[in-house]
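Following the hints, complete the assembly by docking chain U with the ligands onto the known chain A.
Listed in order, the protein sequences are those of chains A and U.
Plus 8 on top of the position in the first sequence (first one is 1) and you've got our numbering.
Plus 9 on top of the position in the second sequence (first one is 1) and you've got our numbering.
Any given hint could be a false lead.
Derived coverage of chain U by chain A (criterion: at least 3 residues anywhere in the stretch with Cβ under 8 Å from a Cβ of chain A; other residues may be distant) [claimed, not checked]:
| id | region |
| --- | --- |
| 1 | 175-183 |
| 2 | 191-198 |
Coverage of chain A stretches by chain U, computed from C-beta distances (three or more under 8 Å per stretch; other residues unrestricted) [said to hold, decoys possible]:
| id | region |
| --- | --- |
| 3 | 72-83 |
| 4 | 92-104 |
Hints listed in this document are in silico derivations from the structure and should not be mistaken for laboratory results.
Computed from a prediction, not measured in an experiment: that's the story for all the values here.
For each residue, glycine too, the CB sits at the ideal point set by N, CA and C.
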Amino acid sequence: MPDPVLSITGLKAHYGDFQALYGIDLSLMQGEVLAIIGANGAGKTTLLRSISGMMHNGPGQITYRNQDIGGMRADQVAKTGIALVPEGRQLFPSLSVEENLIIGGQIGRKGSWNLGSVYKLFPILKERRALPSTSLSGGQQQMAAIGRALMANPELILFDEISLGLAPIIIKDIYDALPGIIGKGMSAVIVEQDISKALSVSASVYCLQEGRVSLKGASDTVSREDISRAYFGIE
Amino acid sequence: MEWLNALVQGTLLGGLYALFAAGLSLIFGVMRLVNIAHGDLIVLAAYLGLSVTTTLGLHPLLALLMVMPAMAAIGYAVQRGVLNQTLGDDLLPPLLVTFGLSVIIQNGLLEVYTADPQKLNAGALETASVAVGGLSLGLLPLLTFGIAVAVIWGLQWTFYHTALGRAFRAVSDNQDIAQLMGLIRHHIFGLAMALALAVTALAGILLGVRTSFDPSIGGGRLIFGFEAVIIGGLGNLWGTLAGGVILGVAQTLGAKIDPGWQVLSGHIAFLLILAVRPNGLFPRISA
Ligand SMILES: Nc1ncnc2c1ncn2[C@@H]1O[C@H](COP(=O)(O)OP(=O)(O)O)[C@@H](O)[C@H]1O
Ligand SMILES: [Mg+2]
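Excised from the complex, chain A in its bound form (with noise of 0.2 Å):
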């Protein structure tokens, strides 16, 4: 079997005294998309917080092709190829939409992905490419913010909320262009609220509780029980 690209060992996180991961183990290997679902207050975000770089670990917990990512700050881990879609989306309101895709390049990851090709996922961008990024709706901004990351030519990118709070058929739209994204050879990790949304493009799934790994399987064999059991802890 080959070796994972990513892996996480015995991660923990702190907000000062408060610990929201107790020791959370996980693996993702090339290509694969892995979903991470949860109640509120789980430590999905502190997740994905930690594997980016906003939030430092300990020395040895997280390993990005055979990289010790631990303890990088955020930009160097963006240079690493990592890149996340903030929960929120989290755009610069100073920037217009065209801007805020720039900056999204600017590290200068080589690769497929520029502003031609973002806007020919999301073509509503160029459309509003001038305009404030606040001027966008809530999936259009989810669009932006999915764009932004891909700019950067990530190898790993990390989802976080990817539907929350957007209409059924925006979540539709962008569910329908993620084949398109992690199509290329690129790794995902998607958080997502919607239990069947997030097993149907996922390969593995992992359910955490309150900062620990209730449950993890294939997506295509865990069964409702199981999840509902990893999901709010009840027997």
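The following block gives chain U with the ligands in isolation, referenced to the frame of chain A:
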């Protein structure tokens, strides 16, 4: 005619105040830092100009070629070495540390240059004037105003049309996400302070050519700069120019009524505007 003259002179003086203020405005816009040492940094630039002009015999405007890079380097070093460590959710540490910096600069200047008033000698430029429609306008105030407009325009252009400006805006919007885009915020902050102090170098040299200075006058320049920024509205550089002009005009009109009223009438104009428009005239950032 005398009143018109006061109005025009005040406008030109406003250019100098806008130069005092531009660096403050830039720094606050990018990193929400209120730099109490800003006035003393203006005075430091004037003294650096004095050293360059006296040791090398250069004209003060030529000395800018050395003072601007020197101030920019000082800005970058101070930002990375000291100020970055004070930035966070709490506004108090940067205030205290820049206040300390202000005290250090003043005492350092006293030690090196003594308390004697000094002036930069710009030769014929100081007295040259042009006659415009019955008014006699000093070449130096005209030049200062022109430089102020050019600086504001240049900063505005940098902000909205360059990769550096994009980085400034992104970091100002959201430091964490900007870092995720590969921008190193401590470096970007260093660059912003370098740019601000390069402008401060211009302000200091033009101040030193216009009037005499000593190590204690930084506080007053800080106040004028603050007033210009706040009158104009936070985060708006053209507003800062307008604020400088309003302050300059209020001062010269006040001085016209009674020379003792110059500074006071500037403060009164500031308070009046603040009472009517608490966010200044053209705010971009809500306070
Ligand atoms: N900035 C923060 N400061 C303190 N506690 C936090 C912070 N962010 C999240 N937490 C806590 O950490 C836990 C995990 O949060 P999070 O990772 O955001 O969960 P999820 O994304 O699964 O909803 C929660 O208990 C939350 O209250
Ligand atoms: Mg979350």
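A quick look at each hint next to the structure:
no.: 1; hint: 175-183; in the structure: holds (count 7)
no.: 2; hint: 191-198; in the structure: holds (count 3)
no.: 3; hint: 72-83; in the structure: holds (count 3)
no.: 4; hint: 92-104; in the structure: holds (count 7)
When the structure is compared with the earlier hints, no violation turns up for any of them.
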